[in-house]
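There are 2 protein chains.
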Amino acid sequence: MSHSTTPVCVLGLGLIGGSILRALTAAGRPAYGWNRTAAGADAARADGFDASSDLRATLARADAGHIVLVAVPVPALDEVFAAVARQAPNAWLTDAVSVKGDVAARVAAAGLTARYAGAHPMAGTAESGWAATTGDLFRDATWVVTADDTTPAPAWREAAAVGLDCGAVVVPAGSAEHDAAVARISHSVHLLAEAAALTAELDPGASRLALTLAASSFRDVTRVAGTAPSLVRAMCEGNRDALLDALDDTIAELISARAELADHGTVADLVERGHAARADYEAVTRTPFTPELGGPGWQRMLRERGHLGGVVTALPSSAPSTDR
Amino acid sequence: MSHSTTPVCVLGLGLIGGSILRALTAAGRPAYGWNRTAAGADAARADGFDASSDLRATLARADAGHIVLVAVPVPALDEVFAAVARQAPNAWLTDAVSVKGDVAARVAAAGLTARYAGAHPMAGTAESGWAATTGDLFRDATWVVTADDTTPAPAWREAAAVGLDCGAVVVPAGSAEHDAAVARISHSVHLLAEAAALTAELDPGASRLALTLAASSFRDVTRVAGTAPSLVRAMCEGNRDALLDALDDTIAELISARAELADHGTVADLVERGHAARADYEAVTRTPFTPELGGPGWQRMLRERGHLGGVVTALPSSAPSTDR
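As they're listed, the protein sequences go chains X and R. Last residue of the first sequence? That's 324 in full-length UniProt numbering, and every number before it is there in order. Last residue of the second sequence? That's 324 in full-length UniProt numbering, and every number before it is there in order.
The hints are simulated quantities; they were obtained by calculation from the structure and are not laboratory data. Please note that the accuracy of each hint is not assured.
[Said to hold, decoys possible] Covered by chain R, according to a simulated footprint, are these stretches of chain X (three or more residues, beta-carbon under 8 Å):
(1) 135–147
(2) 150–157
(3) 253–267
[Said to hold, decoys possible] Label-pair distances were calculated between CB atoms; the ranges are:
(4) R:T285 x X:T37: 21 to 27 Å
(5) X:N90 x R:P204: 39 to 45 Å
(6) R:L244 x X:A26: 52 to 58 Å
(7) X:D241 x R:V284: 34 to 40 Å
(8) R:A252 x X:R208: 20 to 26 Å
(9) X:P89 x R:D269: 41 to 47 Å
[Stated by the list, open to error] Over the 10 Å line for every Cβ pair with chain X, so calculated as not near, a few chain R residues:
(10) G28
(11) T37
(12) A85
(13) A195
Note that the Cβ used here is the ideal one computed from N, Cα and C, for glycine as well.
Generate the whole structure from the sequences, applying the supplied hints.
Structure follows, in structure tokens:
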């Protein structure tokens, strides 16, 4: 049973967009896609999906009140949003890009804010392209849907329904709050993994020996340094300001630990607080709640619930919340 | 077929020492153990192993040319080495402690250098005590045996045979070189994991949200922050000087990446070099070689082989290498 009957138009059939098309179709939700290259669209059609490489025709179809989900690389966003504004002004709009403040600014520049609720599915693999797509990529994952003061309630509802129909739980958050959080749990973490991998090679006296001796702790910590550099750069560079704040905190902690070790021979402070933080992460639970959409200050209330660990697993009936 | 018939006396039957006693016994090697607490020795005996909590009697037995392997916590090392010097001066001596320069200095202080070759099995779990022991903990792991200029060839041979009989491959290294390497592939990596876990909680605006959104990259990078703080502290604080060098390199890389991001909007330099370093790690191969023990400069030659990725999987016949 899908959470909305509105057809979904997925723009970009790479790992994320293609996996969304698969998941929605499997959930019985009407969904179709567009891909820039004919090869990508052909591959999706060969697997039985409704896909095209004609953007104009695809958007003409979406203009009938469908929801458009943009899953193209960042450099293509402006052109795609401009096309949506011209050819599908009556569609609702969401996306699947990993930064949200920057995308909201691009949406505003295209004049589409009144149709838009941003999104970020927290899932992925090191693979890319249609061949890597899978219908269960988002199963039990979190799927952020942004609730900024400008977010229209119907767009939020439709964007959330897409996430739910993909098998995810929806987490409401402000765009800035989302970007600050992912800077800390993903972007800075990737840079720490890169620095850890690199440090193993920086001792001229022992580099080959170090790699021979590296065991499970090194393997786990540096695993994400195996991600394609272009993907890591796109995430990190697209979230510059929040990432700078996160890096400043990490660097300050390491400098402080280094001084404590040099001056007092101990790393107790960092190790004990780091261990406690990891325990907090392991203890995290999701608290399902039913969102009220459209009343006064509804976006702020949603942000507060998300901030406290609230997740949305079902939507209220589509009547305005004040009538319920 | 074991690599030596010399009986092994294991001092300390926690996770590492107990697992060594299990592995050696399973390999048909004569082995027995001592544990400070009677409870630990009783548990080993209940599982069918030859174990005692009488150190004097145990060392009297080892004095008949056996090899003593010390696997006690660092604070107990000096007392145990002094007992070995008094009661088993005719035994060979090795250990299983994760730093080597500091242990070699303690061995020298006890007057045991002429009987000693240090060792560090590169394996472990987050568990501890006899209950956590397992006979296959070292299967295919690396097992460093130190080859310093003062290392006696018979001690190196006996220490290496213990590692081989536990199912590991032996990597020769100088003590200082070992300590520099593990600072980079283990100790600093643990501190980076602690800092990553902590950074997720340091943003006052979004901490709970960050933990809700944390996905596989955060889980993997921070996993070792779940290790007991006392174990992380013992490793890190026991290898202070080498760890300070490693931290300096890591911190310099992060500061440089932060500046590049702030000034030029890119993290390309760190990401591309980190990715290349991880690829180097994934490409590491072990090159088996047969060590020549006892000739002029044999320790230096072994260190050079270990430095280039050489591992020992079998020992030469016990005749001096010059006679072969």
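Hints, verified against the model:
Note: the stretch 135–147 of chain X has 3 residues with beta-carbon separation from chain R under 8 Å; the three-residue rule is met and the coverage holds. Against chain R, the stretch 150–157 of chain X contributes 0 residues with a C-beta closer than 8 Å to a partner C-beta. That does not satisfy the three-residue criterion, and the hint is violated. With 10 residues having a Cβ less than 8 Å from any Cβ of chain R, the stretch 253–267 of chain X passes the three-residue criterion, so the hint holds. For the pair R:T285 and X:T37, the beta carbons lie near 38 Å from each other, so the given range of 21 to 27 Å is not met.
Taking the beta carbon of each, X:N90 and R:P204 are about 41 Å apart, inside 39 to 45 Å as hinted. The hinted window of 52 to 58 Å between R:L244 and X:A26 holds, with their beta carbons roughly 54 Å apart. A hinted range of 34 to 40 Å holds for the C-beta pair X:D241 and R:V284, which are about 38 Å apart. At roughly 22 Å, the beta-carbon separation of R:A252 and X:R208 lies within the given 20 to 26 Å, and the hint holds.
For X:P89 and R:D269, the hinted distance range of 41 to 47 Å is satisfied, since their beta carbons lie about 43 Å from each other. The Cβ of R:G28 sits about 27 Å from the closest Cβ of chain X, beyond the 10 Å cut-off, so the non-interface label holds. With a cut of 10 Å on Cβ distances, R:T37 stays outside the contact zone with chain X, its closest approach being about 26 Å. Non-interface status of R:A85 relative to chain X is upheld: no Cβ of that chain comes within 10 Å, the nearest being about 27 Å off.
A Cβ of chain X approaches the Cβ of R:A195 within 10 Å, the least distance being about 5 Å, so the stated non-interface status is violated.
Checked against the numbered hints given earlier, the structure breaks hints 2, 4 and 13 and satisfies all the rest.
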